[in-house]
Amino acid sequence: MNRRTLLTTAALALSLGAPAFAESHEPVTAGFIYVGPIGDGGWTYEHDKGRLAVEAEYGDKVKTIYQESVPEGADAERAITQMALSGADIIFTTSFGYMDPTIAVAEKFPDVKFEHATGYKRADNVSIYSARFYEGRAIQGHIAGKMTKSNKIGYIASFPIPEVIRGINSAYLHAKKVNPDVEFSIVWAYTWFDPAKEADAARALIENGADVILQHTDSTAPQAAAQEAGNVITFGQASDMGEYAPLPRVSSIIDDWAPYYIQQVGKVMDGTWESTDTWDGIGPGMVGIGEISDAVPADVKEEALAMKDAIAAGEYHPFTGPINKQDGSVWLADGETAADGDLLGMDFYVEGLTGEIPN
Amino acid sequence: MITLEKRPQPSRLWTAVTPLIAVALTMVMGGLLFAFLGADPFEAIRTIFWDPIFNPQFAGFTRPQLLVKAGPLILIAIGLSIGFRAGIWNIGAEGQYIMGAICGAGAGLALYPSESPLIFPMMIIAGGLGGWAWAMIPAVLKTRFGTNEILVSLMLVYVAENILASVASGLLRNPEGMGFPGSRNFKQWDAAHNAEIITGTGMHWGVVFAFIAVIAAYVLMARHIQGFNIRLTGEAPRAARFSGVNPTRIVILCLGISGALAGFAGLFEVTGPAGQISIDFNSGYGFTAIIVAFLGRLNPVGILLAGLLMALTYIGGELAQLMLGVPGASIQLFQGMLLFFLLATDVFTNYRLRFGRAEVA
Amino acid sequence: MDLTSINPVLLVASIMVSATPILLAALGEMVVEKSGVLNLGVEGMMITGAVVGFAVAINSGSPLLGFAAAALASAVLSLSFGVLTQYLLSNQVATGLGLTLVGLGLSSLIGKPYEGMKATTLPKLDIPMLSDIPVLGRMLFSHDIMVYFSLALVAGVWAFLKYTRAGLILRAVGESHDSAHALGYKVVRVRMLAIFFGGACAGLGGAYLSLVRVPQWTEGMTAGAGWIALAIVVFASWRAGRVLIGAYLFGGVTVLQLNLQAAGADVPVALLSASPYLITILVLVIISARGAHGAPASLGRAFHASH
Chain A
354 MNRRTLLTTA
364 ALALSLGAPA
374 FAESHEPVTA
384 GFIYVGPIGD
394 GGWTYEHDKG
404 RLAVEAEYGD
414 KVKTIYQESV
424 PEGADAERAI
434 TQMALSGADI
444 IFTTSFGYMD
454 PTIAVAEKFP
464 DVKFEHATGY
474 KRADNVSIYS
484 ARFYEGRAIQ
494 GHIAGKMTKS
504 NKIGYIASFP
514 IPEVIRGINS
524 AYLHAKKVNP
534 DVEFSIVWAY
544 TWFDPAKEAD
554 AARALIENGA
564 DVILQHTDST
574 APQAAAQEAG
584 NVITFGQASD
594 MGEYAPLPRV
604 SSIIDDWAPY
614 YIQQVGKVMD
624 GTWESTDTWD
634 GIGPGMVGIG
644 EISDAVPADV
654 KEEALAMKDA
664 IAAGEYHPFT
674 GPINKQDGSV
684 WLADGETAAD
694 GDLLGMDFYV
704 EGLTGEIPN
Chain B
-18 MITLEKRPQP
-8 SRLWTAVTPL
2 IAVALTMVMG
12 GLLFAFLGAD
22 PFEAIRTIFW
32 DPIFNPQFAG
42 FTRPQLLVKA
52 GPLILIAIGL
62 SIGFRAGIWN
72 IGAEGQYIMG
82 AICGAGAGLA
92 LYPSESPLIF
102 PMMIIAGGLG
112 GWAWAMIPAV
122 LKTRFGTNEI
132 LVSLMLVYVA
142 ENILASVASG
152 LLRNPEGMGF
162 PGSRNFKQWD
172 AAHNAEIITG
182 TGMHWGVVFA
192 FIAVIAAYVL
202 MARHIQGFNI
212 RLTGEAPRAA
222 RFSGVNPTRI
232 VILCLGISGA
242 LAGFAGLFEV
252 TGPAGQISID
262 FNSGYGFTAI
272 IVAFLGRLNP
282 VGILLAGLLM
292 ALTYIGGELA
302 QLMLGVPGAS
312 IQLFQGMLLF
322 FLLATDVFTN
332 YRLRFGRAEV
342 A
Chain C
103 MDLTSINPVL
113 LVASIMVSAT
123 PILLAALGEM
133 VVEKSGVLNL
143 GVEGMMITGA
153 VVGFAVAINS
163 GSPLLGFAAA
173 ALASAVLSLS
183 FGVLTQYLLS
193 NQVATGLGLT
203 LVGLGLSSLI
213 GKPYEGMKAT
223 TLPKLDIPML
233 SDIPVLGRML
243 FSHDIMVYFS
253 LALVAGVWAF
263 LKYTRAGLIL
273 RAVGESHDSA
283 HALGYKVVRV
293 RMLAIFFGGA
303 CAGLGGAYLS
313 LVRVPQWTEG
323 MTAGAGWIAL
333 AIVVFASWRA
343 GRVLIGAYLF
353 GGVTVLQLNL
363 QAAGADVPVA
373 LLSASPYLIT
383 ILVLVIISAR
393 GAHGAPASLG
403 RAFHASH
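Protein chains in written order, with the working numbering: chain A, 354 to 712; chain B, -18 to 342; chain C, 103 to 409.
Certain hints may be false.
A few chain A residues facing chain B, derived, Cβ under 8 Å [said to hold, decoys possible]:
no., residue
1, Pro380
2, His670
3, Asn712
If you only want the chain A side, here are some residues facing chain B, beta carbon under 7 Å, derived [claimed, not checked]:
no., residue
4, Arg431
5, Ser439
6, Asp453
7, Pro513
8, Ile514
9, Tyr543
10, Ala598
11, Phe701
12, Glu704
Okay, derived cross-link-like pairs now, EDC-like style, lysine to aspartate or glutamate, Cα gap no bigger than 20 Å in a straight line [unchecked claim]:
no., chain 1, residue 1, chain 2, residue 2
13, A, Lys402, A, Glu581
14, C, Lys220, A, Glu596
15, A, Lys474, B, Glu157
16, A, Lys461, B, Glu157
17, A, Lys505, A, Asp633
18, A, Lys402, C, Asp246
19, C, Lys288, C, Asp246
Hints listed in this document are in silico derivations from the structure and should not be mistaken for laboratory results. What you are looking at is a predicted structure, and each value in this text was computed from that prediction instead of being measured. C-beta atoms are modelled at their ideal positions from N, C-alpha and C, and glycine is treated no differently.
Bound-form chain A, shown alone:
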């Protein structure tokens, strides 16, 4: 085959791909690119639950497709392009590392809608969405601060990125508020997902005196380690992890993408989709707070639920001044609330946390 025909075929495929079908064909196709296997029980599992909810909501009017375990490196752009070529009308790319590939593919497929999770780059056909998990972390911090007896709270962190640092700060501020003696020990696991290592990290924290374990990694291994140790409480991460309730798991942060996915796919169906920037929290239901179990004293539970309601109603912002940075400099003045821009790129600890952020 000579070069010319090759090029024409390529151009043909690129122009025919989705757009030609998009306006006319039924059903609408929604595609999902996942960073892990669906069976990871955490991040990808919850996105896939969102996909299934879209299917349940629209039945025959929608078709969903997905691809699992797409690495964030060189393979991402190809996977997204192939999905667009296969006739998807809207594609959700569900990990930060897909940001630039999503933008690049979106340029080639102006009639396909793209939704990129947890990033910051938009285009006319690229929306971004993320969840304010730090709102949930505030409630966790409150419960943790009230319930710890050793005043030592262990935190299993994944990588030193703003999302994780925001969670640590939010949990710490609210634990400190109700318990001035509280201390945080932070272990960086340098992985999102390695059950054995997460279990080891949880054990190390518990053996060093922590009686509350917060985690920002995806597996239930720390829950199991806490259960084995006894007298340690934990919180579910990403999914409810309800199988460990009522103890050690006393509550959880649940990523609930279903309402958003249903809404966006619906907008594609009725032709009202437009590029948006969504950063939703507890209020709109993107961040769910798993049931607070009976292991939590009634008054603490009541306070936690009150905080949840206040956050949901927009009456309370978890980052409300006065808050100083770790070095003692002023970040937020009294009564001032954090700007989203500051939160998005957060790369500092708040005052009182010990240790340094790696790098």
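Add chains B and C to chain A, keeping to what the hints say.
Then chains B and C, alone, in the frame of chain A:
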């Protein structure tokens, strides 16, 4: 009783036929697997083997992508094969790939936003050096202390992953990236972008390097005295020493070549298909290349074909996931089967079946 | 920084648990390699053991039955490698890597229904009298049965290779299959048995992950443990006692670095995180510099009787 009898030399006929038999067997077994998973077996097989090359909807895009996917696999596998021929087991190409990408990207980013035409060549050299230097650690430890290179090169993969996570969220982080991890995107910086040389063909510099490596390896192994020394070291280490081959030099040479080629591959991926240094930049090319090297029987031309075949199953597998909704794990299993059948039928190129009474076996 | 918060008793106990999966898998692989076969499919066999062990433990309610099933399943899987490499003379490195792919794929298909379930784990076995010894009792003598089993297996493998005739034959086959064949030993049969044993051990190691150390089933949960086991065999210069040292060293540094982080030690996290790998290399360099035993001479070479 069936016995195997070694052929005086490998059969040319069977060399050509066995891969076909293996693919046919894989189609049957794989078809059963997909049928068991509730997909139409014929459609699944067609999607994996046919669609990436001929499907009108996809092929315009996926055909060039075969080169893009196979390029780094071939480049790394060529380097590994030279070492494997000499009995030097570099299992850590993944780490050298990462370090090549980091060094090359770092060297380039230090000069951002220069538009000098020298930037990209300099990055290529830095990438090769990065991979070479990372491979020199097991090489030097082996020649100085007799430390086993399997362990050292493998352990250094994990160290490289740690360094990658560290620089992606620290040293090489995009200063305009709102604090998120990940470097600047090379696709938006023309001087450093490893773009397609001819649009729409998938041919980028990494693929060109892969082809050059195939030819160079062929010449080295078949025509050059060092190639002979390498083979001799692998097949008869004692004889090699008697004939004056310096084992230290062979170790340094082989690990150096494989490290540098893996480093090049990392650099070409980070400036091309991947676009940026990120925490999860590496995606197993260094390990898959070991399969490619052996599937190609450590022969440059064989590696070229094996790389393309692996790329086909990857891309076909992705399409099967998309179009038929089969789980990703079934594709992995399918690739494993294909590998097993290819390896199993390979026996017929070197041996013939004898029916009848066994001699003393 | 308050390093006094690290309790050495608990630390040692954790290290033993953490090291057991790689110890089991590495021990099996060592026997395989002693017979002259290089099976790089440890990761695939481990994860198959992890899923089968978990599934059987859930369905039967008995973790011990889970372990038995895991050993059997991985051993049977390893026979596919055995048939290919021993009878069809395929390349061992490539076949082993293929086995890894097959194991990873197969395990996640088998494991789908078991995601998010909890299995009953092994009880801690307080050894009478010994477990009451202060400090040592808690440290060494109140583990689950598989920890003791793994230690006994180290001793067993060591004695087998050193003192038994069968062990001698196994080593002879690994050192020179042609001479062993000339002496009338069934090279292929010996190697098949070794491969079977290696598969069983890897299966036990995987099941220890899914039934004790984590415990749960999650896709891809071995996360590279099989590769570490392979490295430990090399580290150990193919000696059983050193496999134990290697596994405990690696597991030890892994757990210790997490403890140092938890205690707030003033060491860069990136360095701590890479320390298990760096220290393993360092210790190997020190051992190697003093002269070490090499690999079995026939390692990785195919054997065919008629040449």
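Okay, the hints, checked on the actual structure:
1. Pro380: With a minimum Cβ separation of about 15 Å from chain B (threshold 8 Å), the hint on Pro380/A is violated.
2. His670: 20 Å, violated
3. Asn712: With a minimum Cβ separation of about 3 Å from chain B (threshold 8 Å), the hint on Asn712/A holds.
4. Arg431: 5 Å, holds
5. Ser439: Holds, about 5 Å.
6. Asp453: 5 Å, holds
7. Pro513: 5 Å, holds
8. Ile514: 5 Å, holds
9. Tyr543: Constraint on Tyr543/A satisfied, holds at 6 Å.
10. Ala598: Cβ of Ala598/A sits 29 Å from chain B, so the hint is violated.
11. Phe701: 10 Å, violated
12. Glu704: Constraint on Glu704/A not satisfied, violated at 19 Å.
13. Lys402/A / Glu581/A: With Cα atoms ~29 Å apart, Lys402/A and Glu581/A exceed 20 Å; violated.
14. Lys220/C / Glu596/A: Status holds; Cα separation ~8 Å.
15. Lys474/A / Glu157/B: 12 Å, holds
16. Lys461/A / Glu157/B: Violated. Lys461/A to Glu157/B sits at ~24 Å, over the 20 Å cutoff.
17. Lys505/A / Asp633/A: 31 Å, violated
18. Lys402/A / Asp246/C: This hinted pair is violated, its Cα atoms lying about 37 Å apart.
19. Lys288/C / Asp246/C: 38 Å, violated
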